[in-house]
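Chains as they are written, first to last, in the working numbering: chain A, 1 to 146; chain B, 147 to 292; chain C, 293 to 438.
Calculated from the structure, these hints are not laboratory results.
Misleading hints may appear alongside valid ones.
As the list claims (entries may be wrong) - Here are the simulated SDA-like cross-link-like pairs (lysine to any residue), alpha carbons at most 25 Å apart as the crow flies:
1. K204/B <-> E308/C
2. K338/C <-> I279/B
3. K192/B <-> D97/A
4. K58/A <-> K204/B
5. K349/C <-> F65/A
6. K350/C <-> D97/A
7. K204/B <-> D312/C
8. K204/B <-> M293/C
9. K192/B <-> I61/A
Said to hold, decoys possible - Between beta-carbon pairs, the in silico distance windows are:
10. E6/A <-> L420/C: 15 to 23 Å
11. L212/B <-> P124/A: 35 to 43 Å
12. D312/C <-> Q99/A: 21 to 29 Å
Glycine included, each C-beta is placed from N, C-alpha and C at the ideal position.
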Amino acid sequence: MRYHRETDNRLIVGLERGEDLRSSIETLSVQFRIESAYVSAIGALKDPELGYYDLSKKEYIRRRFLGIWELISLQGNISLYNTTPLFHAHVSIGGSDFQVFGGHFFNGTIGVVAEIHITPMPTPLHRLYCESIGLPRWEPGIEKKD
Amino acid sequence: MRYHRETDNRLIVGLERGEDLRSSIETLSVQFRIESAYVSAIGALKDPELGYYDLSKKEYIRRRFLGIWELISLQGNISLYNTTPLFHAHVSIGGSDFQVFGGHFFNGTIGVVAEIHITPMPTPLHRLYCESIGLPRWEPGIEKKD
Amino acid sequence: MRYHRETDNRLIVGLERGEDLRSSIETLSVQFRIESAYVSAIGALKDPELGYYDLSKKEYIRRRFLGIWELISLQGNISLYNTTPLFHAHVSIGGSDFQVFGGHFFNGTIGVVAEIHITPMPTPLHRLYCESIGLPRWEPGIEKKD
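Build out the structure end to end from the sequences listed, making use of the hints.
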């Protein structure tokens, strides 16, 4: 893991083959006390496991995509769930035929490199478990409306 | 709609099942007088309607995708069209087989949640209708080049 | 090319039919001395050429997608390679049947418009050629870890 931190706290992170995407981001979040952030990345993933949430069963359908895939898009965020930084992201991936698959990102290692921008926000963002959807849900509580 | 506003005006917005994505963002834009912004989101959409622009006919081919879809990527922006905030975004969506579809976002409600970052820009960004393409086009006019 | 520059150096860039996406962004990078930036865009591309990196051969598989495609997502960055600004991005594109293709962005012209946000970072970001992967790799060297 190589990175630098801008004066406004943004992190520029380069990951290399074999490094774990989720744990790298969550480790940095703990180290720099990131309690809310926007995350984006491109690169390549190896054996990523993706999910589609089946709301009727309140569980994810999971599939691991074996091999090396271009990481075409990653949009996600860091928030606090039970005081611990949680990385939540959705990704799209593409193979050598350029067809694209995508879903919720569970895990995966870096296939070639990953180029990541993390933009921290000043206000901590918490998640609370929501019974009706079966997932930890954002609770952006300040200046609530409705 | 739950949200908070950072000290630098960024909005962190959580939407829930059944809320309308477009009108939620445009309502917030009016409320906070957002005249230019970058928008990104992940989550899940229900029955989103997408478009592909047929330039030769100057009209969109539209298709509604029934059911709940992972919102894999949303990149978009807010600008002013006839003094009203307009939300323009492109999305990619994925189903339980992880295949990805995408296009111009017309509308759709939230399928499970949506996690949205809105980053306002200080300079108002206007659109003007452009006859040659048949669409309202960005007019970033200050410090013009060419 | 039409654009304005925010007071914090962000660039809001509108491109039109026939303009070249890569050279437009790299020209602006030289003009404004951008040495590190995050880039995102939506719009439509004409005849984009995409790549999938074959790590075993250390070369890209390339395919040009003829016609006009919705630019559904573009995430990328600007860094310095041999002191010159290099634009690196991954894109997903969609046609009239809404199926999505994607990969590394080589080149392409604008099909209808492109709406681009460029967010410069204060610290220069360099690339160095990495023998083991056969690509120029980010070297975010300040405050190195590991």
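### Query
Hint numbers the structure violates, sorted upward?
Checked against the structure, the hints that fail are numbers 3, 4, while the rest are satisfied.
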